[in-house]
Amino acid sequence: MIAPAKPDLVTVNIDGREIAVPKGTNAIEAARLVGVDVPYYCYHSKLSVVGNCRMCLIEMGLPAVDPATKAPIMDPATGKQKINWIPRPQIGCATNASPGLHIRTQTPQIKDCREGVMEFLLVNHPLDCPICDQAGECKLQEQSTGYGRGYSRYIEQKNVKPKRTQLGPRVMLDDERCILCSRCIRFSKEIAKDDVLGFIDRGSYSTLTCYPGKQLSNNYSLNTVDICPVGALTSTDFRFKMRVWFLKQTNSIDTESSVGANTVVWSREGQIYRITPRQNDAVNDTWMADSGRELYKTVRASDRLTAIKIGGGDSTLEMALKTAADLLKSGGVAVVGSGRSSVEEQFLTKKLANACKASAFLVSRVGEGDKLLISADKNPNVRGALVVGLLSELPRVAGLAEPGRPGSATRATNDVRTGGLESLAAAIDAGQIKTVISVGEDLTAAGLSAVQLGKIAIIYLGTHANATSAAARVVIPTLTVFEKSGSFVNQQFRLQTFAKAVPGPQGATDDLVVLAKLAQVAAADVTAVRALLAAEVPALVTIATAKLPETGLLLDATPWAALPFVEGETLHYKPAAMLAATT
Amino acid sequence: MAIVPLERKPLTFAERTYVPQILAGLRTTWQHLVKPKQTLEYPEQRPAIPPGYRGVPTLVMDPNGREKCVSCQLCEFVCPPKAIRITPGEIAPDAPTGHVEKAPKEFEIDMLRCIYCGMCEEVCPEEAIVLQNQFSMTGYTREEMVNNKARLYELGGTLPDSHFKWDKKKTAEEHGNDRH
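Residue numbers (the working numbering), protein chains in the order written: chain A, 1 to 583; chain B, 584 to 763.
Calculated from the structure, these hints are not laboratory results. Since this is a predicted model, take the numbers as computed values, not measurements. Think of the CB as a built atom: it goes at the ideal place given N, C-alpha and C, for glycine as much as any other residue. The reader is advised that the hints may include incorrect statements.
Said to hold, decoys possible - Which bits of chain B does chain A cover? Going by a derived footprint, with three or more residues having C-beta under 8 Å, they are: (1) 615-628; (2) 644-657; (3) 669-675.
The shape of chain A in the complex, shown without the other chains (with noise of 0.2 Å):
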């Protein structure tokens, strides 16, 4: 008997399982929610349905009526109403949801179809598996023994194709392992908006190609990689660097801007070997941009800081903690905070304002957006330096009047327009500031002229050799995001943590313990600081007691948002102008 369901969700019969999915949903994704398997390789669910690769077949049938009065017509054997089965299999991607469909995923016939279908598949396939980067994640792999009919009886010799087709600077293709399951063409011209790839030839000597005289170069075009079920494509930073079972997945969060893409970071014994996308339906599906899979190669890149210094010198973490407290108490300090540190981080950074009674500034850095992954705003976390008040009002992007309204840029770094230091620099040049402490932000590329960082003294906590560590008075080596637990808050204001993948170099202090020294707080790890933040700010007062969703946790926009924010649209983020427009 089919349930009576929801107005918006339809019921249907998943091997003999009834389920109340909503109209439209494909049999593959019906049946996931039942707990069966539908093998597939063509089907993404983020990109068009295109039923190519023929591995989804099902068994469909709808319940029988009565042509002429609509009339159910009931099995007299069971007393239900009968099902008319079509006889042949049906591609499941392609099967939507509607009142009373039935689907049998476990027939002899389906058997025989998924074996058939392997068999073609593997016709031409080498038997490269050694030697393939996508052995351990390879779907043709874990589909031929789940469904294969387990030995080959082709002995013909297989198509030989070229194995090293570089399609552009970070994907290379091996023609060979290609099921022509057409993925990347669709996520090239769906997702990426960038339609150069395409299947040349017919039959067996059908082959992905670029268009002539173009190269898939976009920045999003390691995805393909991701989305690719065989070895095909591979990225050329991590072709035949480890085999992938030996790697430790961490959850991290991509920091290259505000969208604050999730990723998962790949390690082994300490060292990073790629970064991936992580789905998360709310902020990136399941795509990430190029270079933010890049950042991982700053942990151990050679001007990374690793020795405590005073003055030049080397020394111990307790006589540099020593000298910036007595800097600290001196007078005349100034904070600067940044968007790249943690929630956590800018928690305690406006606990050390506080304690100095210093005024605490943000560097900005914005730049252009790709109305996809990457908004305008770089720092991946200003808005959390808003929740826990670090912060009260945007910092001044460099070169504007105001912040917000487009104007000339006066310093670009790789078209990133760093500043935000304007009144930092006039209190400077009025005397007003002996002393800056600058968590992880170079001040000269902020805006701050040597001369300006010749007057005063400079405590930095950072990761990476620069000008200020270099006319620093105290430098403390701290952690990068791959080495420590936290979260950031990005552009639709949702709370999302990352974990620590990898410990830090030798020399390398977590920048809260040094923070929580300064502030002389006594919360010195990510759960302690949590707890005094759930205790302190209102906006997060779940964030140590509930367990945060992996999708990140939405915080209540409200009171920010009459700000004037830089970024533009990416994707599932419309700015609150673009919003109010529309509504």
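Model the placement of chain B on the given structure of chain A, informed by the hints.
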């Protein structure tokens, strides 16, 4: 439990002379003097190694001198004491074996960890790692007991190949079915 005192049997005259016991002992001694030897004059003499013996794991080349290992790292994965450590590398496309694409940049087996279980040989899809006849590994330092790639190929040498899988692949690439 009650203690039962037992009467010791008095010794006979022959037993008291001790001669039959000495003679019986000497008989065993003389028997062994003339019997064939059970021991070997190791290290001058070496035992015959039975087929299937699991000696020191080595890397082997095929008869054409191609290194068989493609650094798939399955042995590293399966190794129970984690004695194997591989750094994968790429073969340059213009090299004679460029079509194989992948080879180990470095391959280390820590013989202080190795338990000679032979799982690496069993799991190897390329028949590249073989536990051969050598059973004695010595060294003065821990570093000496770690066999690197060069040493592993020196120990392994060349073994016959019944597949020539990659040579067939290259032939197919050069002369096989045409692409257009």
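How the hints compare with the structure:
1. 615-628: Result for this restraint: violated, n = 0.
2. 644-657: holds (count 5)
3. 669-675: holds (count 3)
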